[in-house]
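S.K.: The primary structure of each chain is shown beneath.
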Amino acid sequence: MSASSIEAPRQKVPKVEAPGPLSDRKPLTKKDLVADHPTWCPGCGDFSVLALYFKLIEKRQLVHERITTVAGIGCSSRFPYFVQGHGAHYIHGRALPFASGISLSRPDLHVFVFGGDGDAFSIGGNHFNHTARKNVKMTYVVMDNWVYGLTKKQTSPTSPLGFKSKTDMWGAVDRPINPMKQAISAGATFVARTTHTNPNHVLQMMEAAMDHDGFGFIECLSECVEFYEGAFDASNPRKGGAFNLVPSDHDVTDEMAAYTLADAGFPGLFGIFRKVNQPTKNANEAKIVAKRRENFTELKDWQILQKNFDALR
Amino acid sequence: MNEVAEAVPTTEGGKKISKLSEAVIRIAGNSQDGIQAIGGFLARLAGRSEQDVMTFMTIPSTISGGPSIFQVRIGSGEVLSSGDEADVLLAFYQHSYENHIASLKPGGIVLFDSDHVDPKPEWEKQYRHVAVPISSLTVEAIGGTARDKGKNIFTLGLVAKTFDLDIPKLTKLITERFHGKDESVLNNALTAFHAGYGYSLGDLLETFQFAESRKRDRSQVVMNGNEALSLGLIAAGVRFGAGYPITPWSDIMEILRRELPKYGGSFIQCEDEIASVSMALGASYAGRVAVTGSSGPGISLKTEAIGWAVMAEIPLIVCDIQRGGPSTGLPTNVEQSDLNIAVFGGHGDSPRVVLAPTDVEDCFYTAIEAVNIARQYNVPVFILSDQAIATRIEAFPEPNLEKLVQDISPNLSQVAEHKPYDLSVADGVTRHVVPGTRIGSGKYPVVTGLEHDEMGHPTGSPKLHVQMVAKRRKKLQTLGARLPVPTVYGTPEGNVLLIGWGSTQGPIREAVDQARARGDSVSSFHIRHINPLPNGLEKIFSGFNHVLVVEMNDEGLYGSGQLANLIRARYCDPKIRSITKTDGLTFKIKEILERAKPFIDSGSSKP
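Chains as they are written, first to last, in the working numbering: chain A, -18 to 294; chain B, 201 to 807.
Do not rely on the hints blindly, as some may be mistaken.
No more than 27 Å apart at the CA atoms, straight line, and that leaves these computed lysine-lysine pairs for DSS-like [to be verified]: (1) Lys40/A to Lys415/B; (2) Lys349/B to Lys361/B; (3) Lys603/B to Lys11/A; (4) Lys462/B to Lys288/A; (5) Lys7/A to Lys619/B; (6) Lys320/B to Lys305/B; (7) Lys288/A to Lys603/B; (8) Lys619/B to Lys12/A; (9) Lys281/A to Lys462/B; (10) Lys272/A to Lys462/B; (11) Lys7/A to Lys643/B; (12) Lys36/A to Lys220/A; (13) Lys797/B to Lys775/B; (14) Lys305/B to Lys797/B; (15) Lys643/B to Lys36/A.
Since the hints were made in silico from the structure, they are not lab data.
Working from the sequences, and respecting the hints, build out all of it.
M.R.: Structure below.
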């Protein structure tokens, strides 16, 4: 009865291997990594994040076969088009579960996710909380500009009270989300804050997030020169502001201390607020697999399935 | 009960014995009485005895309790549906008795718990009443505390006695079922079973025996549609899935969560439906066709992401275990009202593949076919199952797993160059090169939901949008041209042609059998490939005066159901009409025949 009418050719292919050095590869340079010219407005903070992503890949000698760049929707989420490498431009707010699917099924790949504040904290707010709680291994950089740029100046979940936008012409009335607090309370295991005007610091944070075994989250202030000019001047010493680092004696494993840092008013502090080692979702699933496979290692897939059918006779 | 024609009632040790070819037993009680277990045991026994079996159940959508039924039809010949009318009703309570007596055939047997049921004199004239104090006898057998658990197994013993069932096989099934639990549980069950079996019905009831069934080449397996679908996905090579709990889809995610790790895979429970489809798409993008699924409102929530899969050309399996809608609707009832959302759901022109399994066995094979289509054409594929097929139990020949089980691990070998959306391919079917693959040219693809050029980079070019829309459409047209034309059940020409899809194949075929036995010219065919439709259906239509599409959904604003609309739109043939219903229950054979009667009666020859 109804045997399958469409048979795809059966192919024997190598199993996915664990990450390791690729000896025959020359390290990538910026030249290898540049793709489309960014569609961002001149002066946009996102340019520096892109430049530092290239720098990260160069410095850490990452290769195309080991990374994927993923984004949702928004100005900053155009990111994958500007990177010469495997990439996916997914739907609005859902980049994190999409990236989780890659991370959990391909231990050989490092997934970098880039997005904006609307993607992360508004339409994708639920996914942010749950990806953090599950501690899925990936690096997530949110370029926070406090405004919806792609749709041309509507209020964002991080817009401060009183911000005048096209949807809050008399000034924003809803209290903004504090991304640091949100991440800490959701259980994120790596939480850092940086700003596009301090490139060295951005790179430092990206490296630390990449090295973290788990969900590495960075809020990077990234000015929208078109719709929210000057938003972050108070954090930029060149504009008379103050770039204050997280105190060197801050204990990154102390959740309440991290929360206290996050409570500082703008411009606040920059650096790693929280970093704890907790089992990743990836490791937890791998453990379940190892346990469940114990009795089946000698069997082919069809023989494992045959056992189910034997029990249903 | 259909008695075997040549068999004459015989007596054995003074007890009358009737030979049967099949019987329909309806068990009515409350959902916590374990009546599904009785039905489950009977179905498994039938499977092991080379008999055909089909079950039907209703469950309340409340958390615990509420009236529930389980109907099992066992036959020595082919069993196509769970049966319109019951031969035997097992009634545990007054409400079970009163609400289900009408499901009995005239002269049928009602076996009731006399501790809870007061029979009505007017019904005693129409049906054979057999009173057994089931509750008190169970207490007597296994003690007071276990009463609620043992009643069902006691009743199973009674049924075993009445139908002269294979006791060693049944006790083995009971032992297997309670394997691993506390020994006292098994002992109580066996005690209750033997008490029921040993209870003397005296002269109240004769013994029935099933006729010898046809010998089969392969041993049979017994399972429900959700199990078959899950195991089919595993056989197809699916090793990753993501979902969110909703009835009646949840079984599948539970099974895959339990089973996939054995194969090195995993199934992830997500925070919501959108995360589920997104996570599955992430895994599919990363190299293996992944599965998500849902029912009712969950499917609505996934539609945006499914549109992305169409646009980005990423394979995906979406299981839709249909239930009554819209909104929360009827969570535990059947309806075939998701055809439109499966075929058309979402904004924009987004062609995708939709398959509908016809029975439990077909759930297994459809899963494999769906995965292979998804891989080959890089499209999302819907598997439109429904609550009825998901929960009913059938026996079918065991598949040849050594031959069927596939390895679909990603191919990561280097390619010289790659265009994910190559327009030079005439049939539109391009390959998905997964992340981790080295590309010699140094030009890497971006998969995207924005309209794009051949490399996946955004474009607003009117020309490219025209070409890319056509590419996505052409893939499905290519598939459509390769699909087999369904075979007609009955004669290939005649008066009335019934068309069905999904779980209604059994009752439709039985309706054809009954009509043809009466001399009426009725045939049918079943559409497994809903979108794209196979080519050449018009040739079949031309052989009939009337084409009636039978489906469990509403006739809509313009008088035709969802598949009927699709076929009418494609063939513009006014003789295509609709037989629909929306009571949340499976089609009865007589319902189909009554609705088709005006057409059967009008014109017995071709115009």
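S.K.: Work down the list of hints and note, for each, if the structure agrees.
M.R.: For each hint, the structure was consulted:
This hinted pair does not check out: Lys40/A and Lys415/B have alpha carbons roughly 70 Å apart, beyond 27 Å. In summary, the hint linking Lys349/B to Lys361/B is supported, as the alpha carbons are separated by about 20 Å, within the 27 Å threshold. A hinted pair counts as satisfied when its Cα atoms are at most 27 Å apart, and Lys603/B with Lys11/A does not qualify at roughly 49 Å. With a C-alpha separation of about 11 Å, the suggested pairing of Lys462/B with Lys288/A holds against the 27 Å cut-off.
Distance check on the hinted pair: Lys7/A and Lys619/B sit about 24 Å apart at the alpha-carbon level, within 27 Å; holds. For a cut-off of 27 Å, the pair hint linking Lys320/B to Lys305/B stands: about 17 Å separates their Cα positions. Proposed proximity of Lys288/A and Lys603/B is supported: the alpha carbons are some 15 Å apart, at most 27 Å. Proposed proximity of Lys619/B and Lys12/A is supported: the alpha carbons are some 21 Å apart, at most 27 Å.
This hinted pair checks out: Lys281/A and Lys462/B have alpha carbons roughly 11 Å apart, not beyond 27 Å. Restraint check for Lys272/A and Lys462/B: satisfied, since their Cα atoms lie roughly 9 Å apart, inside the 27 Å limit. For the proposed pair Lys7/A and Lys643/B, the alpha carbon gap of about 16 Å is at most 27 Å, so the pair holds. With a C-alpha separation of about 26 Å, the suggested pair Lys36/A and Lys220/A falls inside the 27 Å cut-off, and the hint holds.
A threshold of 27 Å between alpha carbons decides the hint, and for Lys797/B with Lys775/B the separation of about 15 Å falls inside it, so the pair holds. Simply put, Lys305/B and Lys797/B have alpha-carbon atoms about 22 Å apart, close enough for the 27 Å limit, and the pair holds. Using a Cα cut-off of 27 Å, the hinted pair Lys643/B and Lys36/A holds, with the two alpha carbons roughly 19 Å apart.
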